[in-house]
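J.: Please put together the full structure from these sequences, using the hints given.
Here's the letter readout for the chains.
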Amino acid sequence: MPIAADAHVPLLPLPPRHVPRPRLTSALSAARDVPLIVISAGPGSGKTVLLSEWARSIDVPIAWFAPTVEDNEPRRFWWRLRSAVQVSGVSAADELVAGATEDPETASFDALFREVQRPPSRPLVLIIDDAHVLTNPAIVHGLDTVLRSTQPHFQLVLAARSDPLVPLHRYRLAGQVAELRAADLAMTHAEMHAVLAAHEVTLPSREFEALAARTEGWTAGVRLSAMRMERVERPADFVAEFAVDQGSIGEYLIDEVLDVLPEPARRILVETGFLDVVTGDLAAAVTGISGCGDILAELARTNSFVIPLDSARSRFRYHHLLGEILRYLLQRRGPEVSKALFSRAATWFEDQGDLQSAFHWAVCARDEARAVSLLARGVLADAFVHGDNLAQSELVDLLPLSVPEGSDDVRATEISTARSTIAALTADGDSAARALDSICDEPSAVSMSDPELQINSELSVLILGQKAGDEHAVDRTAQRLLSIAGSIPREPVRGLQACVLLARAQARFWDGEHDEVEPLLRDALALAARDAPCSVEVAVLGMLVLFETYWSRHVSAEEAEQRARELLDASADLTAPLTLELATAWRGFVAADFQTMARAVHRCLAIVPVEGDRALTAAVAHSRAQLLLASGQVSAAKAVLDAAPQLGPGTLLLQAHRDMLLAGIETSLGRAERALQLLHPYRRTSFAAGTAICAAKAHLALGDLRGAEDCVRRVLAGPATQVARCTLVDALLCEARIAQLRNDAGRALEVVVRALEIANGDVVIPFMQVADVFASLLAHHPTVAERWPGPSNGSDGDLVEVTPRRPSRLLEPLTDRERAVLRFLATTMSTAEIAEELFLSVNTVKTHLASIYRKLAAGKRREAVLRARELELL
Amino acid sequence: MPKRYEIRLVGHLDEEAAAALAYLSPIANGTVTIIEAELDQAGLHGLLERIRTLGIELLDVRQVRSRQ
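Protein chains in written order, with the numbering used here: chain U, 1 to 874; chain B, 875 to 942.
In short, the hints are calculated from the structure, not lab data.
Since we're looking at a predicted model, the values are computed, not measured.
Certain hints may be false.
A few chain U residues facing chain B, derived, Cβ under 7 Å [as the list claims (entries may be wrong)]: (1) Ala41; (2) Gly42; (3) Ala138; (4) Ser149; (5) Ser162; (6) Asp163; (7) Leu165; (8) His169; (9) Ala183; (10) Ser248.
The C-beta atom is built at its ideal place from N, Cα and C for all residues, glycine as well.
T.: Structure, rendered in structure tokens:
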């Protein structure tokens, strides 16, 4: 039985008065053994209709996907393709495509794909219509890979207006492609006769020959001619006229076909041709004609150039040939007519709450008053929440905005707000910094009684702050925004408050002020989950993952990431936020899994905006430099750091991170003195610990064991601010190096073992960096050498044991000193040794131990360690 | 319907472009690279799109007499 009868694949309905083309469908069926079929011919050649007809006739599961320009983006493309395959009910093929979605943007794509070994359970025909929109190299490469790795279980059919970009010549050489081209799709005389007969048109043979010559068998031309001649008394007259017309045949024919439509239908088409998608409601609002929905549905039933987009026939698009002609016809009626229509579309979209579309059509309509008012009240917040960019060209188009004579205060304020909004949105990093300076000088002119305008101007400042990398400005502005938002009953745009909380958390994170980050993010998450677009929740989760990863709290990070991935998987329109990719890069670095890190950095670089958040851009650059350093490319790393954007105030974390990387470079180039100079300013900041380790390495390079030891002590025993586990391991390894240089091999070994215990298998990078330093020590102690971590190859076999579970919180938090003691519990050190390490008395350590056990509800040392790991205190 | 086209590209092809277009045997001629191919409209547009995605600057495209 033909599959289409019971499949869920939504095949396009065959057009009214369809004439079957067995010549072509049997050619397609005959190609069943080649993995690729290409149907490549210009618009109106009947590609889609042919495929619809063929799909109905074959007994093989079919997946049908017609990508649009928006789908020319790897993640979205694979997601939509996977949905299409899912509908076909072929499960293994689904896994196959799912495998391809993992990482389509990198070279590791092929490797990933090879892992999927199970072929689809049944052969599958995957039809991609309009494949010419797929120009993204990652997608083209991915399709090529799918083809090469799945034959003969999988047949891909690409229908396109121009040759698809997969390497066709290779498939041709291998005899693995069947092609139908314009010459094949052109109608034969018999087919033309059949089309005319279906429209009850008979032509004398001379006129028939003239029609064939004029249309060259072009399917759309023949069909349009037949439609035009239907119920016409002397169809031959039409052919005579048509034959001598010198213009484009498509234009001529559609004009002719439109001419015979009843007036309301014709007007609806001409006046809504500028819209990508039309509904009855929208068409009625634009044209003022009632009953548009029914008229459009009727057109879709009788006319193959109005295409229904859903089975209920409530949304439509126009065949692009028709659309082009319609836009041309509208243009001919003069700019004033178009403007009036655009303006009505703007009103409709505004009523629907789609402010960005409303703004777009208001700008197109040159309706400056409405555009300004939209821009000053809500469009900015809408775009900020959704992470959209407003078209720069449209914004600049509005300038210069002058205040018209006789405007009232509100109007004047709206205009100045719109002006500063445009300035913020079109600024680059440097001009953003300058603009921020001038804002500090003159107080905001916004009338305090209008919170909408106030929110808008504060948001502009916040965006300037992010662009300038001035996180103090972001923090201050976010605080003001939150207090304004708190004073009004309803958010102007859903999700705004969550987004502002996120911006604030981010600002504090980059400044190294980490106490408030988590509460801010938790608040943002609660708000986002309640009432905000999904993208906001994903953005907050991304930042949470980054924050938890920074502190090596992998269970919490993984839990948040899992939730984010669930949301991402549920929607094609969401893309993974930069923060999530950056967290993957960081985690990859600590685990010395450079392949994962490289892929993540690569993805970050692909999505980092040109003039966006400077702090994030700098963080990505740092990761890239780190990666280059790990592969020994010191000068390239230095160049990346030098080219990274200038950071403004409030970015201590990033500055410290950069200077630590630079210090490492200086030390490796034999300029340890300069490294120490770079690190000196951080001695009294919250980055004292991390920078002290870098300084210790510089001292070691200078042969200054005393200086190195001082630095290491500062980390291990100094003011016990929380130190990330990676830093702690690094410190211990430095201590071991010092012991080794003092020829105390026993001590060195002891400290190395301690470091291994604390690293617990997931902190790898510090060991990699000193592997050769301890080469002879390890050679003498094979049991320790066995535990010495090596670079991960990216396999996640050992992750199976991790059970992502929300660790409950301690009722009574540990003090800093208790935390310092706790860190050494995971080692084999005795209480006396811990006391010595921390410069404390044995009794003091015992007191700390007692309260640690009490707070962790642990009876023994081992229990306390397990519990602390669970709570991610270790 | 296919016709013969000569497509001229600015400069010499880099490694990636040379590999992608090798099947058309491009010829370097001074500062220009020349490709000749027998193509229908869809084929021509496909090739131009391929050239665009490879980031090569197009100098001109013209129809030439078919070499029988």
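J.: All hints, please: hold or fail.
T.: Right, here's what the structure says about each hint:
A cut of 7 Å between beta carbons decides the hint on Ala41(U): the least distance to chain B is about 5 Å, and the hint holds. Taking 7 Å as the C-beta cut-off, the interface hint given for Gly42(U) holds, the closest approach to chain B being about 5 Å. The beta carbon of Ala138(U) is not positioned within 7 Å of any beta carbon in chain B (closest approach about 11 Å), and the interface hint is therefore violated. With a least beta-carbon distance of about 21 Å to chain B, the hint placing Ser149(U) at the interface is violated under the 7 Å criterion.
Look at Ser162(U): its Cβ gets to within about 3 Å of chain B, closer than 7 Å, so that hint holds up. The criterion of a C-beta within 7 Å of any C-beta in chain B is met by Asp163(U), whose closest approach is roughly 2 Å, and the hint holds. Proximity of Leu165(U) to chain B holds as hinted, the smallest CB-CB distance being about 6 Å (cut-off 7 Å). Restraint check, His169(U) versus chain B: the minimum CB separation of about 4 Å is within 7 Å; hint holds.
For Ala183(U), the shortest C-beta to C-beta distance to chain B is roughly 5 Å, which falls under 7 Å, so the interface hint holds. A least Cβ separation of about 14 Å between Ser248(U) and chain B goes past the 7 Å threshold, and the interface hint is therefore violated.
The structure shown violates the earlier hints numbered 3, 4, 10.
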